[in-house]
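S.K.: Sequence:
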Amino acid sequence: MYNLLKGKRGIIFGALDENSIAWKTAERVHEEGGTFVLSNAPIAMRMGTINQLAEKTGSQIIPADATSVEDLENLVEKAMEILGGKIDFVLHSIGMSVNVRKGNHYTNQNYDFTEKGWDVSTVSFHKVMQVLYKKDAMNEWGSIVALTYMAAQRVFPDYNDMADNKAYLESIARSFGYFFGRDKKVRVNTISQSP
109 MYNLLKGKRG IIFGALDENS IAWKTAERVH EEGGTFVLSN APIAMRMGTI
159 NQLAEKTGSQ IIPADATSVE DLENLVEKAM EILGGKIDFV LHSIGMSVNV
209 RKGNHYTNQN YDFTEKGWDV STVSFHKVMQ VLYKKDAMNE WGSIVALTYM
259 AAQRVFPDYN DMADNKAYLE SIARSFGYFF GRDKKVRVNT ISQSP
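The C-terminal residue of the sequence shown carries number 303 in our numbering, and the numbering is unbroken.
Simulated from the structure, these hints should not be mistaken for laboratory data.
Watch out, some of these pointers could steer you wrong.
[As the list claims (entries may be wrong)] In the DSS-like style, the derived pairs of lysine-lysine whose C-alpha atoms are separated by at most 30 angstroms in a straight line are: (1) 224 / 242; (2) 292 / 186; (3) 186 / 116; (4) 224 / 186; (5) 224 / 116.
Model, not experiment: these values are computed from the prediction.
Sequences are here, hints too, so could you generate the full structure?
M.R.: See the structure below:
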């Protein structure tokens, strides 16, 4: 490897098991010399194998519900303490749709489920950035990335309300990215996996 991330510190959200994009990203960051903490919701951690990833990468796990500002504040403070300074990179790889899980068609949504998915998949990204911004936790020229999907711009009927969530996620990236870039010289982007 090339040690492209040597000396860089970060937070990686959403690694559940070895099939997770966040898991593979964490492995590559580790291979390139970066250090990070891992975070996921306590309930998700019970379903996955994140402890194996932490052991493999020498990272610590800080459980946090990304819909809770209080949890996120605690996470950011602990991350800076563990990593020894401000953060250089953040990966938001969080997404969930109860409507998809329950098989509810897009034309027959349960709006309580829609709101829950929106909060977990999208509003959490705003909350993460708001906490980082208010705590001045990002180093200048740092990078914040969220995973999106091309269903934010095109119709994928079975992607359901997640398409709406990803469209809003991209809007948050543009809007908060303006302020983070202007005020803190931090880049905010979204990236889509391949189809």
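S.K.: Now tell me if each hint is right for this structure.
M.R.: Outcome of the hint check:
1. 224 / 242: holds (25 angstroms)
2. 292 / 186: Holds. Residue 292 to residue 186 sits at ~21 angstroms (cutoff 30 angstroms).
3. 186 / 116: Judged against 30 angstroms, a Cα distance of about 16 angstroms means the pair holds.
4. 224 / 186: Between residue 224 and residue 186 the Cα gap is close to 27 angstroms, so the pair holds against 30 angstroms.
5. 224 / 116: Distance ~33 angstroms between residue 224 and residue 116 Cα, so the pair is violated.
The earlier numbered hint that this structure contradicts is number 5, and it is the only one.
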